[in-house]
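2 protein chains.
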Amino acid sequence: MEMKRKSLFTLAFFAATFLQTQAQLVQYINPMIGTARMGHTYPGATVPFGAVQLSPDTDTTPHDVSGQYQKDVYKYCSGYQYEDQTIVGFSHTHFNGVGHSDLGDLLMMPTTGALQLNPGTADHPENGFRSRYSHANEKAEANYYSVLLDDHHIKAELTTTTRVGVHRYTFPKSNDAHVILDMMYNIYNYDGKNVWSYVRVLNDSTIVGSRQTNGWARNRTVYFAMKFSKPFKQYGYKNFSTNETYGGFWRRFDIYHNFPEMSGHDLRLHFDFDTKENEAIVAKMALSPVSWDNALQNMQTEAPGWDFDAIKKTGQNLWEKELERITIKTATEAQKINFYTAMYHAFINPTVYTDVNGQYKGNDQQVHQANGFTNYSTFSLWDTYRAEHPLLALVHTKRANDMMQSMLAHFEQSSIGMLPVWAHYGNDNWCMTGYHAVTVLADAVVKGVNTFDANKALEACLKTSNNPYYDNVLTYKQAGFIPDEKSGTSVSTTLEYAFDDWSIAQMAKKLGKNDLYNQYMKRSESYHQVFDPSIGFMRPKSAAGIFRKTFDPLETEGEGFIEGNSWNFTFFVPQAPKSLIRMMGGEKRFVQRLDSLFTMELPDKYFEHTEDISKDGLIGNYVHGNEPSHHVPYLYDFTSQPWKAQSRIRMILNSQYHNGQAGLGGNDDCGQMSAWYIFSSLGFYPFAPGSDQYTIGSPSVEAAVLKLENGNQLHVSVKNQSEKNVYVKKVTLNGKAITEPFLHHNDLTNGGNLVFEMTSKPVNAFK
Amino acid sequence: MEMKRKSLFTLAFFAATFLQTQAQLVQYINPMIGTARMGHTYPGATVPFGAVQLSPDTDTTPHDVSGQYQKDVYKYCSGYQYEDQTIVGFSHTHFNGVGHSDLGDLLMMPTTGALQLNPGTADHPENGFRSRYSHANEKAEANYYSVLLDDHHIKAELTTTTRVGVHRYTFPKSNDAHVILDMMYNIYNYDGKNVWSYVRVLNDSTIVGSRQTNGWARNRTVYFAMKFSKPFKQYGYKNFSTNETYGGFWRRFDIYHNFPEMSGHDLRLHFDFDTKENEAIVAKMALSPVSWDNALQNMQTEAPGWDFDAIKKTGQNLWEKELERITIKTATEAQKINFYTAMYHAFINPTVYTDVNGQYKGNDQQVHQANGFTNYSTFSLWDTYRAEHPLLALVHTKRANDMMQSMLAHFEQSSIGMLPVWAHYGNDNWCMTGYHAVTVLADAVVKGVNTFDANKALEACLKTSNNPYYDNVLTYKQAGFIPDEKSGTSVSTTLEYAFDDWSIAQMAKKLGKNDLYNQYMKRSESYHQVFDPSIGFMRPKSAAGIFRKTFDPLETEGEGFIEGNSWNFTFFVPQAPKSLIRMMGGEKRFVQRLDSLFTMELPDKYFEHTEDISKDGLIGNYVHGNEPSHHVPYLYDFTSQPWKAQSRIRMILNSQYHNGQAGLGGNDDCGQMSAWYIFSSLGFYPFAPGSDQYTIGSPSVEAAVLKLENGNQLHVSVKNQSEKNVYVKKVTLNGKAITEPFLHHNDLTNGGNLVFEMTSKPVNAFK
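So the protein sequences, as listed, match chains H and D.
Letter by letter, the first sequence follows residues 0 to 766 in numbering that gives the first Met the number 0.
Letter by letter, the second sequence follows residues 0 to 766 in numbering that gives the first Met the number 0.
Only chain H is shown next, with the shape it has when bound in the complex (with noise of 0.2 angstroms):
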C-alpha cells in the first residue's frame, strides 16, 4: 500500500510539473502539415470546432465560369498547395483534409495597382488579383496565419472567432489600393455552381449579403456581414455571367460602381482605399446560414472590436485550452508537434452550425431554433465514425454529445428519414458508403456517455437501416448481401452495412430490446455471404450467388470495393474477429495474411487511378492513407501475437506523421487520420465503435494526462519508452495487471493510472 501511494504521488508531481513547463501548448500547433500533397488540410485560421475556416487559396484550376470541371481540383479540395507559388485570396470556409470538396466562400484578396477583377493565372499572376508570395515570409499558427503577397507589397494577417473571419492588410502608399471580394471563387469549381449572390452595402464600411451554391451540397446559402476598420472611398463590381441576358430598367443605373446593391450568378466586388505607408486596414467577415441579419449579430457578439491582436489571442487560447485536454510528455520536440496538431486537426470538424442566436437551416432548408444543444456540421461519418467520434466521446463528451443530437436533428429534417451520411451546411452529399452514423449514437449509448434519449436515437438508427432510398438497403435486408449487378461497391458496402448493423445491435442490447439485438446481430453476419472461401477472399457476388469469375483482389477499383482491395477489405470484420480468423482458415493462415499485408508490394498500376489512394498512404499493400484499414494492424489483438500489432503501430506512428508540410500520408478526412494518431500514441485504439472496448497498441509518448469531463484524469505513463523499445511487456491499471490486449471505456473514464512498460523483444504481455 505504502509503495502505491508513493507511486501515485510521484506521478502527480510529475504530470503538474510537466503542466506547468509546457504552458504554451499551442505553439506546438504547425497548421502547415498536411498541406503538402495528400493531407489536404489547410494553413489558415480557425478556432475549435469553428464555422470559418479563414485560409489562403493558392488553387490554379479555373474560376471563371468558362472553366470546365478540372481534375485538378482533387489537389485543391482545401484550396491550397504548399508547392504553388502563388496565392489567390483568402476565402472564409475549408474542410480538414477531405478527398472531395466545396466551400470556399466569400475569398478576399487585398491589391494595390490597376484594379484587377479576373485572378490571374499561377503563370502570370500579374494578369491578375493573384499573388506571388514566398514560403519564407509565410507564418502559419494556430488560428493565425500571415504571408507577404509580392506583387502587391501588402502583408496579409487571418485571424478568427467561431463565425468571424478577421483580415488584417498592410498596405504600402497607395492611391489605389483594393480590396477584393470574389463572390465566384468556389473550392472544386466547376460551370453552374455558383447559383446566386446578393449584396447589399449598408454604409460605407458594412456590406452585407449572400452566396447560393450548387454543389457538393446541393442547396447552399451562405450569409455574410462584412466590415472594414476604415471607410472606403468607392466600390463595384462586376457580374462575369453570360447566363443572365435580362435586362431591365435598373439598366438606366449605374448599378456596377457605388450601387448599393447588387445581384447575380457571378460576381466580383472592388472596395477601394487610399494608405499611407503601412497603414493597416482590418475587414470582419462574419458568417450566417441563416441571414445576415444574423451574421451581423455574430459579428457584434463574437468580434465587436477591430483589436486583432486581441481576437487572435482569444482563439489561441481556445486551443490552448482543448489541448490541455491531452496532455504529453514525449522524447522529441518533433513528436509533440505531430501530437498536438494531430488534435488540432481532431478539433477542427465537425464545425459549428448555429448562429450566437442558436439559429441554423436545417436539412429541410427551413431555419431552426437549436434548443439545448449547439447544432454542428461537417459530418464526414464514412471517416470520422472509427476514431474521431470515439476520441470526441471521451475527451470531448459534451460536444460529442451536441454532434449526436445535431445528427438527430438531421435525422429529422432528412427528406427520406436518414441519419446523416456525409453533410454539411443542411445538405447531406451521401458520399461513400454505409450508415455509420448508427455507429457513432450506438457507441456513445454502449459506452453510456449519452446524454440524448437513447430510444429515440435506437428510432433514428432503425429506420435509416432499413431506409428504402438509400444505397441497396432493402436489397441487402433482402438477400443478406448487395448482389454484385446492383452496386459498384457491392462488397464493401455489404461489410459496413453488416458492422453498422453489429453496432445497432449492441445499443438495442444495452436498451433492454433482445428481439432487436438478436435481428441485428443475424444481418450483422452477412459478411459471410461476400467471403469467397475458395480464394479466401472477399469477393463479388451475384443475386443467383455467383461469385465474379474475373476477379483481382489486389485491384482498387472496380472489384466491389469502394476506394480499398479486396486485400484490405476482407479484413473489414471489426464486429467478430475471432469469426473472420476462422473463416480464413485459423489463426496461423490470418496472421500469416496480416503479415503479408504488410510487407508485399503493390505495384502502382492497382491504385495510380484510385484519387484517395496513393504511395504516401501505403505500406507495402497496407493503406493508412485512407480509412478502411485503420483497425486492421490493431486485429493482431485477437491472435496470440499482440506484439505485431505493437510494432505495426509504432511504424505507421513513425512512417505516416511528420513534422512537416508533407506530413500526412493521405487525407486527414476531418481527424480521422489524426485521431488515429492520438489514440495510437496514447496506447489504444477504438477498434470497433459500438463496444466499449479498445484495442491495447504500443504508446509512443513517455506519459500522458488525460482530463475528462467528468473530472477524472486517465494519467498514462510509459516505463523503458524508446524508439527501439516498442513492444508492450506489462500493462496495469491503478496497479492491476491487464490480462488481455483490451481496455474497457470505463477503466478510461474512472481515471487512474495506466501504465505500460515497454521492451524491445516481442513478447505477449496478455498471456
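This list has only true hints and no planted wrong ones.
Same chains, same names: a pair is fine if it fits in one copy or spans any two.
Taking lysine to aspartate or glutamate and the EDC-like style, the derived pairs with C-alpha atoms no more than 20 angstroms apart in a straight line are:
#, residue 1, residue 2
1, 476, 253
2, 485, 253
3, 462, 203
4, 229, 276
5, 154, 273
6, 729, 739
Honestly, the hints are just simulated from the structure, not real lab data.
Use these hints to put chain D onto chain H, whose structure you have.
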C-alpha cells in the same frame, strides 16, 4: 324644406330598391374583358387583392432553356391571349393588365395518356402536355374559371383564397393520369431566368418547395405547399438544365423517380394517378414569400378542407362585398358589366404580401413581421398613382392606408432609400419614370385620410425626391430640368418630377412646413424649362439650354418622352393647368390644341414601334390606351368650355371600354384603366392627386351609391340621363348648386346627394 326632405326620401328608397334587386352584383363581373389584344388581363380566379392569381396560360413563347428572349413575350404579359387555341397549364401568379411582366409561378397541368414533360407547341400540342380547348367549353367568373382540356378529356376548374390556389380536375377513366408541376414556366421567359428550384415530397399527397427567379424582380423566391385530395401512385421529375455539370454521390440514387427531394435550375415534376370515369381530384397550392412552413400554415388557415365549391362561393362573396362599395343603376346590362368588371380589375392589384402569420420578405430580402397592417405588393405606380390609388383612398380607405404603410416599409428596407417605383415581391424593378409614390402619400395626407405618420411619410418623400442614385434626380435638382444628353426621356421625366414635387409641396403645406412648401413649389415649376415657346411644345433641351434641333412632336419614341409624344405630354402639367394655358398662348389656342389632339390623325408610323401604344387605344392623337394622358380630357374644366370635357369623356367611356374580350383599348395597368372608368362613369375624376380636388366630367350611370368606410353614403343621381344627353346642365350637392367644375374630397366623404342634370346641348353649367 319639405320638398328637400321628400326628395331625399325618394332617393333613399330608390337606392334601397335597386340594391335589393341587384343582390348578385358578382354576376356582372366578366373576367374575359381585356383578355384579347392589348388589355393584358387574365381570365382566371382570384379574390380581392389576392396573393394568388390562378389562371390559364396559353403562352406559346418557348419555355425551355434554349429559348431566347422573345418579342412575343409582350403579348403574354398576363399569360393568356383569347385568340389562342391551346392551354399550356394553370399558373398561380399573374399581374393584371401590365405592359411588361414576370410571374407565372408553378404551372400545373392535368393530362392523360403517355407522360410528356415537354409543353409541346401551339401547332402541335399533342407533342407535349399542352392541350387544345374551345371557348365554348370555357367559363370565367369572379374567382372561378373552368375549361375542358380537349386533348386530355379533363375538365379543369380553378378557384382561390387569398393565398391558396385550388384546382379541381375531373378526369376520364385512366391508368395513366398525371398532374404536371412545371417549375420552369415563366411569364416573360428567357434564358437564365430560373435560378433554382427545390422540392420535398412530405407524404403521398403533400409537396413543399421553393422556386427562385431572376426576372423583372431580380431576387425573388416563391415558397409553396401543395396537397392533393387523393394520394398519387408515383411521382418524378426531369431537370431540363444544361447548366449543372456536377454529379455527386446522389447519382447513386434514382433521384428522378419517387425520390422525395429534388432540386435544380429547371424542373418539371409529374404526379401520377389512376382515375375512374369522372373522378375529381382537387389540388391545393398555397404560396408564401417566406417559407413553405408559412405556405402550409396559409393553407391550413384559409383552405383546410376539400370543398371546392365552398371555397369558390366564399371568394365570390368577398367580391360581392367589394362591389357593394359602389352600386350603380344604368340603362344597359353591358354598362353594369363594364362598371363592375372595372371594379373587379381595380381591386385585383396591389396584392396581399403577408402570410397569415404577418410575415413577408422585405425589399432588403430579409423576413419582416408586419405589425398592425397587412403588407401589400404589386405597385405599378407610374400607372396607378393617377386614379387607382385615389379610388382606393376614397372607397377602400383602410386597405389604401395599409398599402401606403407597405410603401413606407419598402422605403425603410430599400437599398437606396427610395419609396417604391414598380415593386413586387420584395423587389423594385424601377420600371418607368418619376417617383409617384410621393403623390400617393401626399394625396392621402392632403385629403386627411392617412392613418400613418404623415411627417414620417414626408421624410420618405423628401429622401426619395433627392435620391442620389435614381434616374437623374440630382441633375434635375441642380439644373432645374433633365438635359437631353442625360436621358432618353428627359422631357417626360422632368414633367413627372415637377408634378411629383408639387404633390410633396401640398403635403408640406398641409403639415405646416412652409419652407418646404415653397422649395417644392419652385421645383414643381420646372415644366417651364422644357417648354419651347417657339413651337408651343415640350421639347428636349441640352444642358447648355439649346432645344434639340431635329424634333417631331408626333413621334412616340426617341424624342425625349416615355411611351408618348410631345403632343400628349405637353399637356402633362396637372399641377398648374392655368399656367399651362397661359404658356400655350391663352385659352383659345389651348382649346384649339386640345380639340386637335382628339380629332387629328396620328399615322401608324409614329407609334407602331411603341409597345404600349396601339391603334385600339387611340382617339385621334389622344392615347387613352396608355396613362400619360388620362387627365387630359378633364383639362377643358380649366377653360370656359367644360362641356368639351363632358362629351369627350362620354365618347371615351363608350369607345374604349366594351363588354368583350377586346374590351380594353390598352393595358389595364394594374387597375388604372379601370379606375379611370369608374371615376368617369360617376361624373368626377382625381385630376391631380395631391390635391383634394376632383374635376367634374359627365356621368354615364343613372345613379350610384358609394358606401364609404366612415359610414357615410354618397348618392349620385343623374337626371335626364341618356346617350345623347352627355352635357351637364346643373350639378347640386345636397341641394346646393356647384358653381365650378370641381368637387372636393370632403364633398364626397361627407355623404349626401350629388345630383347631375343632363342635357343634349353643350352648356357651361358652372358659369
